[in-house]
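All chains should be modelled from the sequences, with the hints used to inform the complete structure.
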Amino acid sequence: MYQYDTYDQALVDARVADFRDQTRRRLDGSMSEEQFRPLRLMNGLYLQLHAYMLRVAVPYGTLSSAQMRMLGDIADKYDRGYGHFTTRQNIQYNWIKLDEAPDILADLATVEMHAIQTSGNCIRNTTSDQYAGAAADELVDPRPYAELIRQWSTFHPEFNFLPRKFKIAVIAADTDRAAMRLHDIGVQIVRNAAGELGCAFYVGGGMGRTPMIAPLINGFVPLDQFITYFEACLRVYNRYGRRDNKYKARIKILVHEIGKEAYTSQVEAEFAHLLTQNIEPPIAELERIKAHFADPAFEVGVPDQVDRSDPDFALWVDNNCVTHKQAGYIAATISLKPIGGIPGDASSDQIRLMADLAKEYAFDELRVTHAQNIVLPHVKKADLYALWQKLDAAGLGTANLDQIGDIIACPGLDYCSLANARSIPVAQKISERFAAKAEEIGELKLKISGCINACGHHHAGHIGILGVDRKGVENYQLLLGGSEGADTSLGTITGPGFDEDGVVDAIEKATEVYLAHKQGEERFLDTYRRVGMAPFKEAIYAPKTTQNGEPAHG
Amino acid sequence: MVETQYRFRSDEPVGDPAVTVDSFGEQTNASAVRIEPGDDARDLLPFLSRIKLVEVNFPGFGDGRGYSAARILREAGYDGELRAVGDVLVDQLSNMRRCGFDSFAPEREINAADAEAALARYAEVYQPTTDGRLPIWAKRHAGK
Ligand code: SF4
Chain G
1 MYQYDTYDQA LVDARVADFR DQTRRRLDGS MSEEQFRPLR LMNGLYLQLH AYMLRVAVPY
61 GTLSSAQMRM LGDIADKYDR GYGHFTTRQN IQYNWIKLDE APDILADLAT VEMHAIQTSG
121 NCIRNTTSDQ YAGAAADELV DPRPYAELIR QWSTFHPEFN FLPRKFKIAV IAADTDRAAM
181 RLHDIGVQIV RNAAGELGCA FYVGGGMGRT PMIAPLINGF VPLDQFITYF EACLRVYNRY
241 GRRDNKYKAR IKILVHEIGK EAYTSQVEAE FAHLLTQNIE PPIAELERIK AHFADPAFEV
301 GVPDQVDRSD PDFALWVDNN CVTHKQAGYI AATISLKPIG GIPGDASSDQ IRLMADLAKE
361 YAFDELRVTH AQNIVLPHVK KADLYALWQK LDAAGLGTAN LDQIGDIIAC PGLDYCSLAN
421 ARSIPVAQKI SERFAAKAEE IGELKLKISG CINACGHHHA GHIGILGVDR KGVENYQLLL
481 GGSEGADTSL GTITGPGFDE DGVVDAIEKA TEVYLAHKQG EERFLDTYRR VGMAPFKEAI
541 YAPKTTQNGE PAHG
Chain Z
1 MVETQYRFRS DEPVGDPAVT VDSFGEQTNA SAVRIEPGDD ARDLLPFLSR IKLVEVNFPG
61 FGDGRGYSAA RILREAGYDG ELRAVGDVLV DQLSNMRRCG FDSFAPEREI NAADAEAALA
121 RYAEVYQPTT DGRLPIWAKR HAGK
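So the sequence lines, in the order shown, correspond to chains G and Z.
Its first residue numbered 1, the first sequence is counted upward by one per residue in the working numbering.
Its first residue numbered 1, the second sequence is counted upward by one per residue in the working numbering.
Hints in this document: simulated from the structure, not taken from any laboratory.
The structure displayed is predicted, hence computed values, not measured ones.
Idealized CB from N, CA, C, for every residue including glycine.
Where hints are given, some of them may not hold.
Stated by the list, open to error - Not close to chain Z: a few residues of chain G, all C-beta gaps over 12 Å, as computed: (1) Met31; (2) Ala200; (3) Glu474; (4) Leu479; (5) Val504; (6) Val531; (7) Gly532.
As the list claims (entries may be wrong) - Facing chain Z, a subset of chain G residues (Cβ under 7 Å, in silico): (8) Asn160; (9) Ala284; (10) Glu285.
Shown next, in the form of structure tokens:
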């Protein structure tokens, strides 16, 4: 994986000094909260309901074991012994003191980490495929491209005060595991007819209150021009994105309002101009970065079989592990969704254990997934059983990847000052209610957001839950049929909302409809797409009947 | 008028009042112009030879359009004074310098020591702009 040289390190160290100075000026009163706010936000420090929250960047979700161990130590030293992995492949700490924040950044800098641009109206952490470098179906490893984007976007002088935040995802496989088209810019590395690699640019996707799937605006930008193309996309957005209404300020609204063609022609004109400015890093720089992502020293001729005699282990292998490009290896997902747990939370001990196991079994590498789990990308199949036993003993062996218990949930009203409703307790209830039936229900991606900002990606869930405020009472809307990936679609609201228990009951009815209508190997989503909303709606809103056949009141 | 607090040029400052972008084309004797966030800096490109001062107004520091305006002018070869005015704060000075601003007239005076520290803090940059600083990638591959 990528390692800093003295230049990268100098920048991160300077950032620590910068933020220490800004914090000092805030604490001694020479800077107002209003002036401090955008600065701390650009460094990932939010003021939440009860305390400060610090979001630490995990570029394209890749971590070394030393970095992971530091994340565990920070949880102990500055927080309450927990970290929360997010849908942006980052980690958040929820109980931070302002005066200690510079010290946390200094600790992070010792392991080549930072919190630069993890919030604010700037270019955020670039995300990628959690199986990058391991996936059997990838064209190339997308991470070198993401790293070059990280460097280009770090402290870019022109783009610190965009109309709104800006999120980029990069993939290099046809199976999209990063929800690429639900980003401000999604890039897929592709090969053209001449056999050359390039970037397909999708611009203007996003969730939030107006979810949109990004259209393709350029199917092939050569690798020696793609940073320039990014710059053109961003400049057009910075100049013309709406600033009058923060809910209409994302690039998706600009692309939608002026139209894909008009946006594209403006970008192409700016691109033609910027090509004359020589701002593109040389291909040698991309090659330098690529060398950091060379395959680890895989052993050849190792057994390609897994001993499945322990049924619990066999279930975990089936549910949580995916095919590796290298025979004899597998990519294993550690679920951070134990039954009844808080999605994405891990204790400091668990974080350190995962770090140790990565060192022992996975060439020193871990990945954070956008579904808030952890991946050990390169595990020898012969080691898999030993690994699983250690995970299981630490409460990290849950075999529920992509099942109904593998819930994505935003922090919601327990932490977030924007929330309308709590997300975490709903997730916990669902996790408990369906634990026994999860295997029978199979793949079902369930996502919960505590408000319309959609941090929990509820639009993209096979089942989505959106917390709303109804006359001061928490209420939950239910959506069906969303998906991210190659077949991206947005969910449809079933109808009137529910209270907390009501929404769990409604989901139970939806799963019953699925199981009753399921044909062959269909997943929940497939059945929904075939039979449509009607049977689900009918079951979910069927009046409860009492003994004498009268609908119940209330 | 707010006073210019920092100026990184040695030529004589222009005394003329800055006119709006809209009227600049007609006022053929004007040499100073003021860009508001909604103006298109490219409207000025036909007149670059007679412009000596461009003020770019930041009514609020959170509106970043002025950074693009500045770069567009510098990329087109404008070499007169480029002044940031309005809600210009110490933490923006360094990025503004990189985008081509070479004078600053902040609404609220900036503490001199803080400004000096902020301008000196980042010795290395990843992106080339027209400010002449070599980006990190150029240093990495120098002489290869
Ligand atoms: S979706 Fe709303 S409640 Fe949830 S984290 Fe985002 S802003 Fe907060």
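Outcome of the hint check:
no.: 1; hint: Met31; result: 9 Å, violated
no.: 2; hint: Ala200; result: 24 Å, holds
no.: 3; hint: Glu474; result: 32 Å, holds
no.: 4; hint: Leu479; result: 33 Å, holds
no.: 5; hint: Val504; result: 41 Å, holds
no.: 6; hint: Val531; result: 48 Å, holds
no.: 7; hint: Gly532; result: 45 Å, holds
no.: 8; hint: Asn160; result: 6 Å, holds
no.: 9; hint: Ala284; result: 5 Å, holds
no.: 10; hint: Glu285; result: 4 Å, holds
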